[in-house]
Amino acid sequence: MSPPDLGSRPQPWFVRRRSGVGYRPLAWQGWAIAGVLVAAAVVALLVVHTSTARIVLVLALVAVYNAVGWRLSGPRPDPGDAAEEAPTVAVRKPVERTPEQLEVMARLRAEASMPPRRSPSGDDAIAVEGLTKRFGERTALDDVSFSVGWGEVFGFLGPNGAGKTTTVRTLGTLIAPTAGSAVVAGIPLTPKNAVAIRGRIAIMPEAPGLYPRLTVAENLEFFAGLYGLSDVRPRIEQALATVNLVDRAGDPCNSLSKGLRQRVAIARALLSDPRVLFLDEPTSGLDPVASREVHELIGALRERGVTIVLTTHRLEEAERMCDRVAILNTTLRTVGRPDELRERLFARSLAVTTVAPLDAPERVFAGIPGVEGWHPDDDGGYELTVSDPRAAAPALTRALVAAGADVISISERRRSLEDVYLELIDEDVEARRP
Amino acid sequence: MSIDPGRVRAVFRKELLQFRRNRAIVVTMGILPILFLTGPMINLFSLTASADSSTVHGVAGSVLLLMLIVPVILPAAISAYSVVGERDQGTLEPLLTTPVRRGELMLGKGLAAVLPAVAVTYVLYAGFVVAVRLWAIHAVFSDVWQVPPILAEVMFAPLLATWSVCVGMAISVRSTDVRVSQQLSTLASLPPLGLAVLITFRVITPTVLSAVAIGLAFVVLDCLACWGAAKMLDRERLIVGRRAPRHERTGST
Numbered sequence: 001m002s003p004p005d006l007g008s009r010p011q012p013w014f015v016r017r018r019s020g021v022g023y024r025p026l027a028w029q030g031w032a033i034a035g036v037l038v039a040a041a042v043v044a045l046l047v048v049h050t051s052t053a054r055i056v057l058v059l060a061l062v063a064v065y066n067a068v069g070w071r072l073s074g075p076r077p078d079p080g081d082a083a084e085e086a087p088t089v090a091v092r093k094p095v096e097r098t099p100e101q102l103e104v105m106a107r108l109r110a111e112a113s114m115p116p117r118r119s120p121s122g123d124d125a126i127a128v129e130g131l132t133k134r135f136g137e138r139t140a141l142d143d144v145s146f147s148v149g150w151g152e153v154f155g156f157l158g159p160n161g162a163g164k165t166t167t168v169r170t171l172g173t174l175i176a177p178t179a180g181s182a183v184v185a186g187i188p189l190t191p192k193n194a195v196a197i198r199g200r201i202a203i204m205p206e207a208p209g210l211y212p213r214l215t216v217a218e219n220l221e222f223f224a225g226l227y228g229l230s231d232v233r234p235r236i237e238q239a240l241a242t243v244n245l246v247d248r249a250g251d252p253c254n255s256l257s258k259g260l261r262q263r264v265a266i267a268r269a270l271l272s273d274p275r276v277l278f279l280d281e282p283t284s285g286l287d288p289v290a291s292r293e294v295h296e297l298i299g300a301l302r303e304r305g306v307t308i309v310l311t312t313h314r315l316e317e318a319e320r321m322c323d324r325v326a327i328l329n330t331t332l333r334t335v336g337r338p339d340e341l342r343e344r345l346f347a348r349s350l351a352v353t354t355v356a357p358l359d360a361p362e363r364v365f366a367g368i369p370g371v372e373g374w375h376p377d378d379d380g381g382y383e384l385t386v387s388d389p390r391a392a393a394p395a396l397t398r399a400l401v402a403a404g405a406d407v408i409s410i411s412e413r414r415r416s417l418e419d420v421y422l423e424l425i426d427e428d429v430e431a432r433r434p
Numbered sequence: 435m436s437i438d439p440g441r442v443r444a445v446f447r448k449e450l451l452q453f454r455r456n457r458a459i460v461v462t463m464g465i466l467p468i469l470f471l472t473g474p475m476i477n478l479f480s481l482t483a484s485a486d487s488s489t490v491h492g493v494a495g496s497v498l499l500l501m502l503i504v505p506v507i508l509p510a511a512i513s514a515y516s517v518v519g520e521r522d523q524g525t526l527e528p529l530l531t532t533p534v535r536r537g538e539l540m541l542g543k544g545l546a547a548v549l550p551a552v553a554v555t556y557v558l559y560a561g562f563v564v565a566v567r568l569w570a571i572h573a574v575f576s577d578v579w580q581v582p583p584i585l586a587e588v589m590f591a592p593l594l595a596t597w598s599v600c601v602g603m604a605i606s607v608r609s610t611d612v613r614v615s616q617q618l619s620t621l622a623s624l625p626p627l628g629l630a631v632l633i634t635f636r637v638i639t640p641t642v643l644s645a646v647a648i649g650l651a652f653v654v655l656d657c658l659a660c661w662g663a664a665k666m667l668d669r670e671r672l673i674v675g676r677r678a679p680r681h682e683r684t685g686s687t
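Chains as they are written, first to last, in the numbering used here: chain A, 1 to 434; chain B, 435 to 687.
One should not assume that every hint holds.
Partial selection, computed: residues in chain B whose CB lies under 10 Å from chain A [unchecked claim]:
no. : residue
1   : 440
2   : 441
3   : 447
4   : 448
5   : 476
6   : 524
7   : 526
8   : 534
9   : 538
10  : 553
11  : 557
12  : 561
13  : 613
14  : 665
15  : 669
16  : 670
Calculated from the model, a selection of chain B residues having no Cβ within reach of chain A, i.e. all distances over 10 Å [what the hints assert, rightly or not]:
no. : residue
17  : 445
18  : 451
19  : 541
20  : 560
21  : 567
22  : 580
23  : 632
24  : 654
Keep in mind the hints are simulated off the structure, nothing from the lab.
We treat Cβ as the ideally placed atom computed from N, Cα and C, and that holds for glycine.
Just need the whole structure built from these sequences, with the hints factored in.
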């Protein structure tokens, strides 16, 4: 099946001028015809010596040009063409779709949630060993090692200047590591393999980085050309369908909102069907609705089995989206599943809230099975360290009732990824303090 | 270093599209040559039949010289924008994360600057010759319609434009400010024009052999300039502002 037209039309060779007088070349074929006629005029003027004959010749060539222009031209520029000529003015007509186009869009959307694509080999998508990067005296990354499995969503967390972006740039072959080794998308990270690696991955930097004067489709066409893709139009349509932007394909990028630009950048990253996708702060500066759309997209990509490395400052985003996270602060502080990190870093605990402080809490909490320790918390209640909250809670309730305490609540205290992050980063701050 | 023509074509097409949508560039390409040439052309067409041959030669030579400045000035301004402009609009990093090699990038951008400038120069020159044939005195046409000036124009326009583009791109790679880059590029691309001046005014009388020899020298110079410019386009330097030590570099990618 040929690709759907999606609101555009084949480009005519000429187009009628907006003033309504004459035609101007639009496609290269039109320019070639115009060039040939101009050359013919030059030759004729040089060869012919009488003024009348020259005038007749020039007029004849102008007539030929206009006849050719009329025969091979498209319709007079409509508002869409005006937008093309003056891209700062965003003119968008409501798009009417044929049933065929709607069918294609539905198919493309369905394909966006295909079953997970797995690597033919069982090796990791990314394996990093002792990666170090120094800029002169400053160490940006120090002996970082981790691995990311195929189809995994891997989060990079860390404060500003922690080396997250440096890691992504290094793995993306933009900068060379000072020491260490890595395998990216199954290819060893060496100077010789840089082009091959860049062909298998896609990096979406924090800023969308689109050419403002080009339309969405032209931006994507350009990048498709750089990836050497064939069947460019269906790929562009698929990428735009994935981010729900098919109807904005003809809009200049400088007329899009920040959220839409971010979606175009994601479409660009998906264009080459990358095995590994690096997303650097994909929701930075987006409103909650746009952020949610990006999250949904990441979810859809995960379903397709794309390996995603997500760099973010938003801890709740990392907790929700990532299978595993790495906390980086020049050195790698920890790697693991968010719940695993919580368990690894924090003892499990029960929070007790009473109407009034207990008279002798040490006597109440002593001897309760499973309670390993306690301390008052900041809210006037108590926090008890326990080995198993479900086992300790009934005994604790009985002990409190027996002590005559008016209990408001007993609950398991859940630590967030933010607690893990702050704990680790605070440790670093403390360690660096003189 | 292997070159993928598809990638070069993609860069070339994108650059041309951007130029076409940028009114400032279109106006510069159209207006600047006309501004350059208006004064000398008026002088040329004001010459009467009584003008002596040295006056005719001087005025015609000045117009032809200005015609050779066009392929130097126009692409210098465009190419100076090529890399620093990408950085300016935040498109450099996404561009460098693609499989495009630096040679392909430079070639695509270079051709997009050279070809329009050479085309404008040739069209201007053709228009000039036609105008001289139609309206100037016969002595002027005789002076213009000779092998040396035609050879100088046809051969040196693309060579000068290529030099100008390579220098402009090299400066653009190292620059952080678009305007500074454009000014430096224009200045740096002028020196080779000296040779063209000598030929145009026939201080060096060009035989076919000497013209070919000088042309070849220009080709070598252009190749060196292109090679130097491509070498300077180092991904790490462009991204973080400094080049990695030699043993860390990512080769010619």
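Hint by hint, which ones does this structure get wrong, listed from lowest number up?
The structure breaks hints 5, 13, 14, 17, 18, 20 and 21; every other hint is satisfied.
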